[in-house]
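Colleague: If you use our numbering, the sequence shown closes out at 144, no skipped numbers anywhere.
For the record, the hints were derived by calculation from the structure and aren't laboratory data. Note that CB positions come from ideal geometry on N, CA and C, so glycine has one too. Some hints here could point you the wrong way.
Label pairs and their computed distance ranges (CB to CB) [what the hints assert, rightly or not]:
| no. | residue 1 | residue 2 | range |
| --- | --- | --- | --- |
| 1 | E114 | L85 | 15 to 23 Å |
| 2 | K51 | E114 | 39 to 47 Å |
| 3 | Q115 | E30 | 25 to 33 Å |
| 4 | D26 | E114 | 31 to 39 Å |
| 5 | V129 | V81 | 15 to 23 Å |
| 6 | A84 | M58 | 32 to 40 Å |
| 7 | H103 | Q142 | 16 to 24 Å |
| 8 | K51 | T89 | 32 to 40 Å |
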Amino acid sequence: MSDWTFERPPDLPLPQPSEESAPFWDALKERRLVLQKCAVCGAISHPPRAKCGSCGAMEFVWLASEGRGEVHSYVITHQAVHPALRGYTPFATVEVALDEGVHITSNLIDTPPEQVAIGQRVEVEFTDVGEGVVLPTFRRQQGE
Numbered sequence: 001m002s003d004w005t006f007e008r009p010p011d012l013p014l015p016q017p018s019e020e021s022a023p024f025w026d027a028l029k030e031r032r033l034v035l036q037k038c039a040v041c042g043a044i045s046h047p048p049r050a051k052c053g054s055c056g057a058m059e060f061v062w063l064a065s066e067g068r069g070e071v072h073s074y075v076i077t078h079q080a081v082h083p084a085l086r087g088y089t090p091f092a093t094v095e096v097a098l099d100e101g102v103h104i105t106s107n108l109i110d111t112p113p114e115q116v117a118i119g120q121r122v123e124v125e126f127t128d129v130g131e132g133v134v135l136p137t138f139r140r141q142q143g144e
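Hey, can you work out the whole structure from these sequences and the hints?
Modeller: Structure representation (structure tokens):
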């Protein structure tokens, strides 16, 4: 394992939770990853939304996720697409297929970009980025 790590640029804008996503962001502050589950049909979704994509219901519960999955897709950013990213490239943005069946986009923080691979097992890492915001980032699953 390499000692390479991704560091969030300090001037990168922070997420702005919506009414629908507030429970997701609140759980992250407690180092928990939760997913929105329709209270009517049971469909699990991410990102959080106001209406179930399967049945149209507007009632949800929050399901605790183990935070494990595999890299479904990824992109390596080489060019700073925001001024705050100057000096922080290259880095990998990954689409993780969680074991619960939904996908989440984030960063793989412990793997050099050239070593990211589709199918690689990963697990959530809670990264405090300041101002009370915690992001769900990912690292290689222990034992992989």
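Colleague: Each hint: holds or not?
Modeller: Outcome of the hint check:
E114 and L85 have their C-beta atoms about 18 Å apart, which keeps the hinted 15 to 23 Å range intact. Between K51 and E114 the Cβ separation comes to about 41 Å, which falls inside the hinted range of 39 to 47 Å. Between Q115 and E30 the beta carbon distance is about 31 Å. The supplied range of 25 to 33 Å therefore holds. A beta carbon spacing of about 36 Å between D26 and E114 agrees with the range 31 to 39 Å that was offered as a hint.
In this structure the hint that V129 and V81 lie 15 to 23 Å apart at CB holds, the actual value being about 18 Å. Our hint of 32 to 40 Å for A84 and M58 holds, since their Cβ atoms are close to 36 Å apart. Distance hint check: the CB atoms of H103 and Q142 are about 22 Å apart, consistent with the given range 16 to 24 Å. In this structure the supplied range 32 to 40 Å holds for K51 paired with T89, their Cβ-Cβ distance being about 37 Å.
When the structure is compared with the earlier hints, no violation turns up for any of them.
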